[in-house]
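**Q** Residues per chain, in single letters:
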Amino acid sequence: MAFPLLTLTAAIPAVGAVATAAVPAGRRTAAKWLALAFSLATLALAAVQLVRFDPGGTSQASSSGGAKGPFQLTESHAWIADFGVRYELGVDGIAVVLIALAALLIPFIMLAGWHDADPLETRSSRWRPTQGFFALILMVEAMVVISFEATDVFLFYIFFEAMLIPMYFLIGGFGDGAAEHGEAGAAAQRSYAAVKFLLYNLVGGLIMLAAVIGLYAVTADQLGTGTFSLQEIVQARAAGKLDIATTTERALFLGFFFAFAVKAPLWPLHTWLPNAMGEATAPVAVLITAVVDKVGTFAMLRFCLQLFPEASKWATPVIVVLSLISILYGALLAVGQRDIKRLVAYASISHFGFIVLGIFAMTSQGQSGATLYMVNHGVSTAALMLVAGFLISRRGSRLIADYGGVQKVAPVLAGTFLVGGLATLSLPGLAPFVSEFLVLVGTFSRYPVAGGIATLGIVLAALYVLVLYQRTMTGPVKEEVRGMPDLRARELAVVAPLIALLLFLGVYPKPVTEILDPAVRHTMSQVHQADPKPDVNDVEAAK
Amino acid sequence: MNPVNYLYLAALLFTIGAAGVLIRRNAIVIFMCVELMLNACNLAFVTFARLHGNLDGQIIAFFTMVVAAAEVVVGLAIIVTIFRSRHSASVDDAGLLKL
Amino acid sequence: MENLIGLLVLAPLLGAGVLLCGGRRLDRSGPWLGTLLAAVSFALGVVLFADMLGKGGEERALDVTVFQWVPVGGFRADVGFHLDQLSMTFVLLITGVGSLIHLYSVGYMAHDERKRRFFGYLNLFLAAMLLLVLADNYLLLYVGWEGVGLASYLLIGFWQHKPSAATAAKKAFLVNRVGDMGLSIAIMLLFTTFGTFAFDPVLTRATDAGEGKLTAVALMLLLAACGKSAQVPLQSWLGDAMEGPTPVSALIHAATMVTAGVYLITRSGAVFDAAPDAQTAVVTVGAVTLLFGAIVGCAKDDIKKALAGSTMSQIGYMILAAGLGPIGYVFAIMHLVTHGFFKAGLFLGAGSVMHGMNDEVDMRRYGGLRTYMPVTFVTFGLGYLAIIGFPGLSGFFSKDKIIEAAFAKGGTEGWILGGAALLGAAITAYYMTRVMLLTFFGEKRWQPDAEGEMPHPHESPRTMTVPMIVLAFGSVFAGGLFSINDTFLKWLEPVTGHEEGHSPVSALTVTAATMVVLVIGVAIAWAQYGRRPVPVTAPRGSLLTRAARRDLLQDDFNHVVLVRGGEHLTRSLVYVDHSLVDGVVNGTAASVGGLSGRMRKLQNGYARSYAVSMFGGAAVLIAATLLMRAV
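Residue numbers (my numbering), protein chains in the order written: chain A, 1 to 543; chain B, 1001 to 1099; chain C, 2001 to 2631.
Extracted from the complex, chain A is given alone in its bound form (with noise of 0.2 angstroms):
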């Protein structure tokens, strides 16, 4: 048997969330220690994967001696075998990207929130926050892992949904204390927050289980014994063996697309994003954003694509158009916010747009940048919110109306949300936007004048990001941020990697678009669709 990297890569942090919570009340530094060093071994190990993954080729033999596929790494065990529910992981260019991602990112968001539990500490010693505070971000590390890398329906519906449980604690459990009507009111609104965040993903997860048993009897009524396994009902399709009724395969799809819109999140199904990221510390808003949401669209690629891919043709231009709104309707409302943080949640719903825009332009382009989008999204937002909670922390408000002149005292700070904000508006150089211009030129290539209508986006980004650092970096110095500390060592030790990423991935994004061009390849060749061909394509050969 094969070494179960991938089993190992999950399990390692959600030990370290058991290990992290059972470290006893006294003793809260060894705890946040014990938790980074958790997620710096789970980093190594998505390191590991990314090494041992090889662009190129197309599969490995499974552990169960078995199927060829995009899938590498692959590991296969019955688990419920009277439903045909296997304990099946397995990683293509995009998954293991994504891994990686999740793991680079996690500790960043805990040396970031490396206070953001304790003062919480006095109230109760036995209660423990800081060690639940880290050990749920450990927890939401596991589960988002393994839903990267399951490819079992059932099994990654499980973990899709149990990232709820940690998730609801993480936003109802921990504030800033930055609320506008004190204590009691910041409390109230937290938990709206998280119950508001937790019933929009229950319902959306709740269609999405009626969708997976409706697969399921589909898959037992035409091969006898019903089966979850993407790579078995892909494979069963290809060969004529499974032939779901057209309206079946839409009802399904819709199902599953529900869910991922949900989480993604998409126009009109958006509103619990900027609660949640508005009310959660900066860390955990990231730890949504950045990692969570991409469980939504990473799982349109994958499921939605590979399992329905006529339903997905037939799907799209309604996506299309809900993907529009969302890019112009998160870009506008970012731009009438008072509150900094609610403005980067609608501007990633802005993102979001973008990256749903860019998976069902059906082009390799809009696909490549999509998955891309991905990566320099969470990378350029972790920075660019983080970088913000630090701001907050320091005067204790969200509203932008409290800044004024923040550059005059703290330029650092200052610098690095500029760059920040710079990666959110797309500008050359920096990573974002060599994934944004991707997704336009892809849907420009099918869809001329939804690419036109996108190209707006990049306006309004600029009005929203500009607008917001005007408000709270230029101008005379308020007087409640004189006195203002610079960053620190240990938030300089946050924000400086990262904006050194967005720069490297900015001018050299080859490494990337690697590993993820066989994968979406293969994506394309799924939905039997090629690029649409240039007016004059002898160029090349002219050349």
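Keep in mind the hints are simulated off the structure, nothing from the lab.
Don't be surprised by glycine CBs; every beta carbon is placed ideally from N, CA and C.
It is possible that some hints are incorrect.
[Said to hold, decoys possible] Restraint-style ranges between C-beta atoms, simulated for each label pair:
#1 A/ALA81 / B/SER1088: 54 to 62 angstroms
#2 B/ASP1056 / C/LEU2602: 34 to 42 angstroms
#3 A/ALA44 / C/CYS2021: 48 to 56 angstroms
#4 A/ARG490 / C/ARG2364: 49 to 57 angstroms
#5 A/VAL203 / B/ASP1056: 48 to 56 angstroms
#6 B/LEU1022 / A/TRP79: 49 to 57 angstroms
#7 C/ALA2624 / B/SER1088: 53 to 61 angstroms
Got chain A sorted already, so can you dock chains B and C onto it with the hints?
**A** Below, chains B and C without anything else, positioned relative to chain A:
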């Protein structure tokens, strides 16, 4: 005599029992009315057994009697306990499970 | 030689990195380090230039691919450079003028505590601008294009503590982004049409694509050029951009960055040549802007804003020339270079004046400065003579050629364009004479500054005057040098191509006409500002003057339509999101809650009422069963 008349009697008894259950407040009376309804059913069973010429209905009537007897044991015990604790056998007073 | 091209860009980029991340240690040495790296870049440019001169006209282009940037499926973008005569011209202009302005800034910014960062931004600008002109594909050009936009943003808003500067910076970036949108759509169109956006296949095979597509591409490129080069309708940012330190105005908003639009159009000449409708749009934009800028320049009392209007107008000339096609490309670039010299010189002169006048910018509070600042006066005066097209100086040669080319367009169009260009020349003579008279002649109208201190005008330090003198030399001789034996024409022709138009009027007539309007413009200005004393507070002025002071109401239009409209839109969307989209969700939750509250009432705790529902249910069931039987 036409056995169908026994059915009319059973229906009458059942109605009286049902009306008693709905109208009266005293738990004991309600309990007696329930017994009345059960016995009305028994009468109907026996009548049907006679009409169809087999013993199925009579067997079920015996079952019913056994169950009713068991029910009386449990039910009376409950009523007595409630009466002891609240000095009232009115069903309207026992509303503790209401939210 | 190829490797040097990369170094050319890398040197200032390195400077930017070191200066911006270096911390306070570099506060003292930073300015000189920045200047040194700019000079290194210039030296490399000169080496490459010398190498290029050694080769024949057609073999001068150098191509080098540094690395694959974005290789995705059928989409390939490389980081690669293309150095030909056109980009060489720009490289020399950018690094040359850039180095001079770095030097000038050493003196100008000496007392600013954040000068290290200032030089970092300046170096960043140089790197981005060099990338823009050296890129061998449109996507890389776009990187430079936005890079200069970023540098411009940072430098306009350099004095961030002033809200006006921060606002101006934001405005410049946003308006530019609208233009950038055009550029990115153009790149996408090129990709869908040609499957690539590298210069080589696109420009050599442009005619293979349909005219409709090419027109669309060309119009989008024009939009981009309008944004970057401050052409109507995207010109509104340039006046506000004068909030930046004066060396910035000289380098970015006069000599180099704002001319990027002209570069873009000239570079994409093959596309424009195949799209005559788009060319008409280009010349229209050019002609309108050259008059617009000139009129605005006449009314401004702020010396830098008057010069900004002039910049707009002069770039209008260049765009006009570029829109004429092969008749005009060479002259557009020639005017661009000479303009780079004299306008940078004029701005540096203005900066020198402000330096001596406690940062006063209102020309009505200057007057009689020629004796106090002789070097500034002479260099500014030479720049002035050059820009109005005084015979023998740079502007004379380049502007005259453009006016000729406009007439040579032929037909009614030619007459209109030529007329507009002539009228523009007259207005140029007027407003520049006005600037000159208000600043250096007449009586002293100095006013105490905000702290109540009277200005003590004095000549600026050597670091500032040397660049001004060098630029003055350029303003005087560059045009003549370019025109002897058509040197410049022969230099650029292999890249841009050239053809002689059929002018309905002879070259001599055009020159004579230009001279006449020049004299008229100068005379009117003299009558208004030279003969009579100038009031310190501006008179109310005619309707046109008042409109021109407000940038011909374009900002008011923007404010009402875009800013107010946008505010209303976002505010109503915030409301919609909160009460409608979120309202639906919260409403669902509330109605579920309400429903369950009502359902709860059914459980009233009375055993008899439960019994009723039981009997009722039984009755309904029996009735239903009977009904089913009956049917």
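**Q** State, for the Cβ atoms of B/ASP1056 and C/LEU2602, whether the hinted interval 34 to 42 angstroms holds or is violated.
**A** holds, 38 angstroms
**Q** Honestly, do B/LEU1022 and A/TRP79 meet the 49 to 57 angstroms range at C-beta?
**A** At roughly 55 angstroms between Cβ atoms, A/TRP79 and B/LEU1022 fall inside 49 to 57 angstroms, so the hint holds.
**Q** Is the hinted range of 48 to 56 angstroms satisfied by the C-beta distance from A/VAL203 to B/ASP1056?
**A** holds, 52 angstroms
**Q** Given the range 53 to 61 angstroms, decide if the beta-carbon distance of C/ALA2624 to B/SER1088 lies inside it.
**A** violated, 39 angstroms
**Q** Go ahead and decide if the range 54 to 62 angstroms is satisfied by the Cβ distance of A/ALA81 to B/SER1088.
**A** 59 angstroms Cβ-Cβ, so the 54 to 62 angstroms window holds.
**Q** Is the gap between the beta carbons of A/ALA44 and C/CYS2021 within 48 to 56 angstroms?
**A** Cβ of A/ALA44 to Cβ of C/CYS2021: about 29 angstroms, so the range 48 to 56 angstroms is violated.
**Q** Does the Cβ distance between A/ARG490 and C/ARG2364 fall inside 49 to 57 angstroms?
**A** Because 55 angstroms falls inside the window, the suggested range holds.
Hint compliance for this structure: hints 3 and 7 are broken, all remaining hints hold.
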